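A.B. asks: Residues in the sequence shown are numbered consecutively from 15, following this note's numbering.
Wrong hints could be hidden among the right ones.
Capping the alpha-carbon separation at 27 Å, the derived lysine-lysine pairs in DSS-like fashion look like this [unchecked claim]:
hint, residue 1, residue 2
1, Lys274, Lys209
2, Lys70, Lys50
3, Lys161, Lys209
4, Lys151, Lys177
5, Lys70, Lys51
6, Lys151, Lys209
7, Lys151, Lys274
8, Lys245, Lys154
9, Lys245, Lys163
10, Lys177, Lys153
11, Lys274, Lys154
12, Lys70, Lys127
Simulated from the structure, these hints should not be mistaken for lab results. All values reported here derive from a predicted model rather than from experimental measurement.
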Amino acid sequence: MKYTLIAVNLIVIQFFAACGSKADVKPEKVEDVAAKKLLQGTWINDLEGNIVFTFKGDTVFYNDSLSLPVAFHVFHDTLFIENHILTAYPIKHLNSTSFSFVNSEGDETQLTKAGKDVVPLARGEYKGAVTLNQGKKVKKDTVMAYKDKHYHAYTQVNPTTYKVYRQTTNSDGLRVESIYYDNIVYIALYEGQQKVFGSNITKAEFSTLVPQAYLDQAVLSEIIVDRAGEKGVRFIAVLSIPDSYTNYRVNIDIDAQGKKTLSV
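Please build the complete structure, drawing on both the sequences and the hints.
C.D. replies: Spelled out as structure tokens, the structure:
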């Protein structure tokens, strides 16, 4: 590498990451301050013609409004980015104007430092996470009948501060991370004037029916009132992975005695 290594003592940090995977990596106790200084600024992929990221102080900012700015370190010729799952990129070359590294897909990415006229990321702007259901309460009332039974079903989506992390690989082969916030949904069922059921529902309740890897990235988007039938009223919980076309639907059946049954 074409720079002088300057080592300073830091607190011992244990990282467990590889290029986009969870292999054990234990960097040295000292950080390469010279490399960190050379990284400062905005970097462009000349082949793609796009800004990849900006390093500012101890933080890296990506070229979109959804990917979370995170801390970074340089240890032993490797760039470590502190996503929720730590990622590491071996540095192939670095000087004041050019930078190349091995991305999460195992390919070498070559970048050029932008001039002062390129400013979109230099300010470190981040517009914040996107929440489903506009980050506000959503209330719905449904009245239905089955034979001689008259039901009133009620749902309310309540936003929370529970974070949901979603990692994706961008066009430059970088693991980027977005943060969303989960919901708790209150559902209630009345038969006539009598309350049959009422409870807060969280996505954790579906852990026996939904694969954990999916559940970890999903938000409980809403619970829909489906229909009344012989066995009571069916609600449908919608578990969605943000910014994707994927969702998982779980049936919640409430019978006349208030018993809850889950199924897919």
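A.B. asks: Does each hint hold? Answer for all of them.
C.D. replies: Hints and how they fare:
1. The straight-line distance between the Cα atoms of Lys274 and Lys209 is roughly 14 Å, inside the 27 Å bound, and the hint therefore holds.
2. Of the pairs offered as hints, the one joining Lys70 and Lys50 holds, with about 10 Å between alpha carbons and a cut-off of 27 Å not exceeded.
3. Note on Lys161 and Lys209: the hinted pairing holds, with a Cα-Cα distance of about 19 Å set against a maximum of 27 Å.
4. For the hint linking Lys151 to Lys177, the alpha-carbon distance of about 17 Å falls within 27 Å, and the restraint holds.
5. Between Lys70 and Lys51 the CA atoms are separated by roughly 9 Å; this keeps the pair inside 27 Å, and the hint holds.
6. Restraint check for Lys151 and Lys209: the C-alpha separation of about 22 Å stays at or below 27 Å, so the hint holds.
7. Distance restraint check for Lys151 and Lys274: the Cα-Cα separation of roughly 24 Å lies within the 27 Å cut-off, and the hinted pair is therefore satisfied.
8. Proposed proximity of Lys245 and Lys154 is supported: the alpha carbons are some 22 Å apart, at most 27 Å.
9. Annotation: proposed proximity of Lys245 to Lys163 holds, straight-line Cα distance about 11 Å (limit 27 Å).
10. Of the supplied pair hints, the one linking Lys177 and Lys153 holds, its CA atoms being roughly 22 Å apart against a limit of 27 Å.
11. Note on Lys274 and Lys154: the hinted pairing holds, with a Cα-Cα distance of about 20 Å set against a maximum of 27 Å.
12. A distance of roughly 13 Å separates the Cα atoms of Lys70 and Lys127; the hinted pair therefore holds under the 27 Å criterion.
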